[in-house]
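Top to bottom, those sequences are chains A and B. For the first sequence, the numbering used here assigns the number 29 to the initial residue and increments by one for each residue that follows. For the second sequence, the numbering used here assigns the number 55 to the initial residue and increments by one for each residue that follows.
Honestly, the hints are just simulated from the structure, not real lab data. Just so you know, not all the hints are guaranteed correct.
[What the hints assert, rightly or not] Chain A residues, not near chain B, derived (Cβ > 10 Å throughout):
{"hint": "1", "residue": "GLN112"}
{"hint": "2", "residue": "GLY114"}
{"hint": "3", "residue": "GLU117"}
{"hint": "4", "residue": "ASP239"}
{"hint": "5", "residue": "ASP252"}
{"hint": "6", "residue": "ILE258"}
{"hint": "7", "residue": "ALA259"}
{"hint": "8", "residue": "LEU266"}
[As the list claims (entries may be wrong)] Taking lysine-lysine and the PhoX-like style, the derived pairs with C-alpha atoms no more than 20 Å apart in a straight line are:
{"hint": "9", "chain 1": "B", "residue 1": "LYS300", "chain 2": "A", "residue 2": "LYS204"}
{"hint": "10", "chain 1": "B", "residue 1": "LYS172", "chain 2": "A", "residue 2": "LYS226"}
{"hint": "11", "chain 1": "A", "residue 1": "LYS226", "chain 2": "B", "residue 2": "LYS66"}
{"hint": "12", "chain 1": "A", "residue 1": "LYS180", "chain 2": "B", "residue 2": "LYS66"}
{"hint": "13", "chain 1": "A", "residue 1": "LYS207", "chain 2": "B", "residue 2": "LYS300"}
{"hint": "14", "chain 1": "B", "residue 1": "LYS66", "chain 2": "A", "residue 2": "LYS222"}
{"hint": "15", "chain 1": "A", "residue 1": "LYS236", "chain 2": "B", "residue 2": "LYS300"}
{"hint": "16", "chain 1": "B", "residue 1": "LYS167", "chain 2": "A", "residue 2": "LYS226"}
{"hint": "17", "chain 1": "B", "residue 1": "LYS167", "chain 2": "A", "residue 2": "LYS243"}
{"hint": "18", "chain 1": "A", "residue 1": "LYS201", "chain 2": "B", "residue 2": "LYS300"}
{"hint": "19", "chain 1": "A", "residue 1": "LYS221", "chain 2": "B", "residue 2": "LYS66"}
Beta carbons are placed, not taken as given, at the ideal position from N, Cα and C, and that holds for glycine.
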Amino acid sequence: MEDQPLDSSKVRSIVGRRSLYWDQKVKRRFKYEAELDQGFAERVAKLAYGEKLYSCIQCGTCSASCPVSHWMDFTPRRVIALIQAGYKEEVLECFTIWLCASCYACTVDCPKQIKITDVMYALRQEALEHAGYRKRFPIPVLAREFFKQVMKNGRNSESHLMLNLYMKTNPFKLLKMVKVGLGLLRTGRFSLKKEHIKQREQFQNLLKAVDRLEKEARIEEANDRTAKRIASETVDRLEKEVHQ
Amino acid sequence: MKYIYYPGCSLKSTGRAYEESLLSVFKTLDVEYEELNDWNCCGATSYMSINESKAFAISARNLALAEAQAGGDGEGPVQLVAPCSACYLLLLKTRRYMEEYPEIDRIVRQGLKEVGLKYEGNVRVRHPVDVLVNDVGLEKIAERVKTPLKDMQVASYYGCLIVRPFGAFDNPWNPTSLDRLVGALGGTPVDWSLKTRCCGGTLIGTVRGVGLRLGYRIIGEAQRKGSDLMITTCPLCQFDLECFQKDMNHDFEVNFNMPVLYFTQLMGLAFGLPEKELGIQRLFVSPEKAYKTCVGG
Numbered sequence: 029m030e031d032q033p034l035d036s037s038k039v040r041s042i043v044g045r046r047s048l049y050w051d052q053k054v055k056r057r058f059k060y061e062a063e064l065d066q067g068f069a070e071r072v073a074k075l076a077y078g079e080k081l082y083s084c085i086q087c088g089t090c091s092a093s094c095p096v097s098h099w100m101d102f103t104p105r106r107v108i109a110l111i112q113a114g115y116k117e118e119v120l121e122c123f124t125i126w127l128c129a130s131c132y133a134c135t136v137d138c139p140k141q142i143k144i145t146d147v148m149y150a151l152r153q154e155a156l157e158h159a160g161y162r163k164r165f166p167i168p169v170l171a172r173e174f175f176k177q178v179m180k181n182g183r184n185s186e187s188h189l190m191l192n193l194y195m196k197t198n199p200f201k202l203l204k205m206v207k208v209g210l211g212l213l214r215t216g217r218f219s220l221k222k223e224h225i226k227q228r229e230q231f232q233n234l235l236k237a238v239d240r241l242e243k244e245a246r247i248e249e250a251n252d253r254t255a256k257r258i259a260s261e262t263v264d265r266l267e268k269e270v271h272q
Numbered sequence: 055m056k057y058i059y060y061p062g063c064s065l066k067s068t069g070r071a072y073e074e075s076l077l078s079v080f081k082t083l084d085v086e087y088e089e090l091n092d093w094n095c096c097g098a099t100s101y102m103s104i105n106e107s108k109a110f111a112i113s114a115r116n117l118a119l120a121e122a123q124a125g126g127d128g129e130g131p132v133q134l135v136a137p138c139s140a141c142y143l144l145l146l147k148t149r150r151y152m153e154e155y156p157e158i159d160r161i162v163r164q165g166l167k168e169v170g171l172k173y174e175g176n177v178r179v180r181h182p183v184d185v186l187v188n189d190v191g192l193e194k195i196a197e198r199v200k201t202p203l204k205d206m207q208v209a210s211y212y213g214c215l216i217v218r219p220f221g222a223f224d225n226p227w228n229p230t231s232l233d234r235l236v237g238a239l240g241g242t243p244v245d246w247s248l249k250t251r252c253c254g255g256t257l258i259g260t261v262r263g264v265g266l267r268l269g270y271r272i273i274g275e276a277q278r279k280g281s282d283l284m285i286t287t288c289p290l291c292q293f294d295l296e297c298f299q300k301d302m303n304h305d306f307e308v309n310f311n312m313p314v315l316y317f318t319q320l321m322g323l324a325f326g327l328p329e330k331e332l333g334i335q336r337l338f339v340s341p342e343k344a345y346k347t348c349v350g351g
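All chains, full assembly: derive it from the sequences and hints.
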C-alpha cells in the first residue's frame, strides 16, 4: 500500500476539497441591505406595543439582568439590535426567544422602558407562524400543548401536560422525572384527573370570537394601508400633473 | 370587605398545600372570601407566546366573572385575590393593557359581549401577601401568633412576578413585605440578594440543565446566608426549588436539604394550626428539624 505512488487526481480532489472547506469556513458575517427584512422591526414593534424598540441605546442592562442570558445564542441586547437591522431569520430561529423565562427583570430595568419581555412574546408568535423553530425543542412544544389543553378544557391539568410534553419531545426524559413524580404521588400532589370548567362552550366561543375579531382588525388595517398608499400616490400624481 | 378568591390550576394539583394553608390562615384572621365560580386558566406564559389577544381574553373572562359575582354592592372595587404569581401577573397585565391600548380593549370587550359577559374595569387584583400585610396588618397577625418562631432564620423568596413589573405594593428591586411578616411571626428575616431572582419557571421541565442551575444558585445563596428555611409565594417556585433538591445534589455535588414552605404554611405554624390543615405532610423536605431546633417542642 505504502509503495503505491500517489494518484494525481486524488491529490487534486483533496486540495479541491480543502479549498472548498475554507470557502465554507470563511463566511460573510453581515447581510447586505437587499437581504434584510426592512419591515421586520416595524412589525415586531407593533406586536410588542413598542415604538420604544427604536430608542434602544444598546447599553446591555437587559443582558446583565437576565438570569438565562448565559445560555442564549444572542443576548437580549443583540436581539434588539438584530431586530432593528432587519435580521429576521436569525432572530426567529435563535434559542434566545424561547429561553426567556418571562421574569420581566429586563423590562423593569431598561432605561428606555422597552418592554423586552413583550418583544420576546411577539417574536415567539412570529416564529411559530413562520415555523422557523425546531420541531422537537421542548419549550415551544410545551407552549402549544398548554394552549391546546386550555382551549379545550378551560383549565390545565399539570400531569397530563408534562406527559404530553415528554411524549412529543423525548419520552426517555420521563425517566429523569420518575423520582419527582413518585414524590408528588406520595405527598398527594399528583392527580390524573382532567380539570375542566363548566361553561366550556362559552369559553370556546369567546376564543373563536376573539380570533375572528383579530382577523377582521388585521384586514381592516391592511385595507387602511392600501387606501393610504393609493391616496398618497394619487396626490403625487396630481401634483406632478399640476406642475407640468 | 369580602375577597373573591381565584385559585388557578396549580393550587388544585401540585400546589395543593398552598390552597390549604392560605384558606386556613384566612379563616384564622377572619378574612372573608369566596371562590370565583367557574374560573378558567390564566393562560400563563404559554398563551402569551402563541396568541396575545386570546391570552387577554381568557384573563378578562375571569375579571368579568369576578365583577358579576361580587354584584355591584358599591363598596369600591371588587377585590380579586390571586395567590399564584403567574395568575396575579396575567390578571394585572390584562387590566393594565386594556386600559392602555384601545385596540386590545375593543377586541376583548367585543369578544366578551358576544358570549354574554361584561367587564367594567372595576376589579382590583391583589396578591395574598399584599392582602395579609397591608389589609389585615402585621399587628393583627402578631396578635394571633401562639408559638413565635424565635431564632428561626427565614429567607423570603418573592420570585419574579409579584413585585414586578405591575405589582405596586412593594419595591421591585428590594421588596420587604415578607421580611416584615417574618418579623411579625417572631422569626429573623435573612438579608440576601436573590429575593427576586427568577427560579426558571417551566424551564426545569423543558431544558433541565438551565432550570436546575437557576434553582441551585438560589438555594445555595440562601444556605450560604445561614437560612433555616425558605418561604415562597408561588406554586411553581415552590415546586422548582423544593422537589428538585435531590437532582441538584446529584448534579452539582452539594448537600441541600432546605425546607421550602409557602409563606402561609409558616404563618399557620406560628399560629399553632394543626399541620394537616396546612398541608405540611405534602412537603418533600420536612421543616420539622428546623422548626424543632429553633422553636423547640
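| query | What hints, given by number in increasing order, does this structure fail? | reply | Of the numbered hints, 4 and 15 do not hold.
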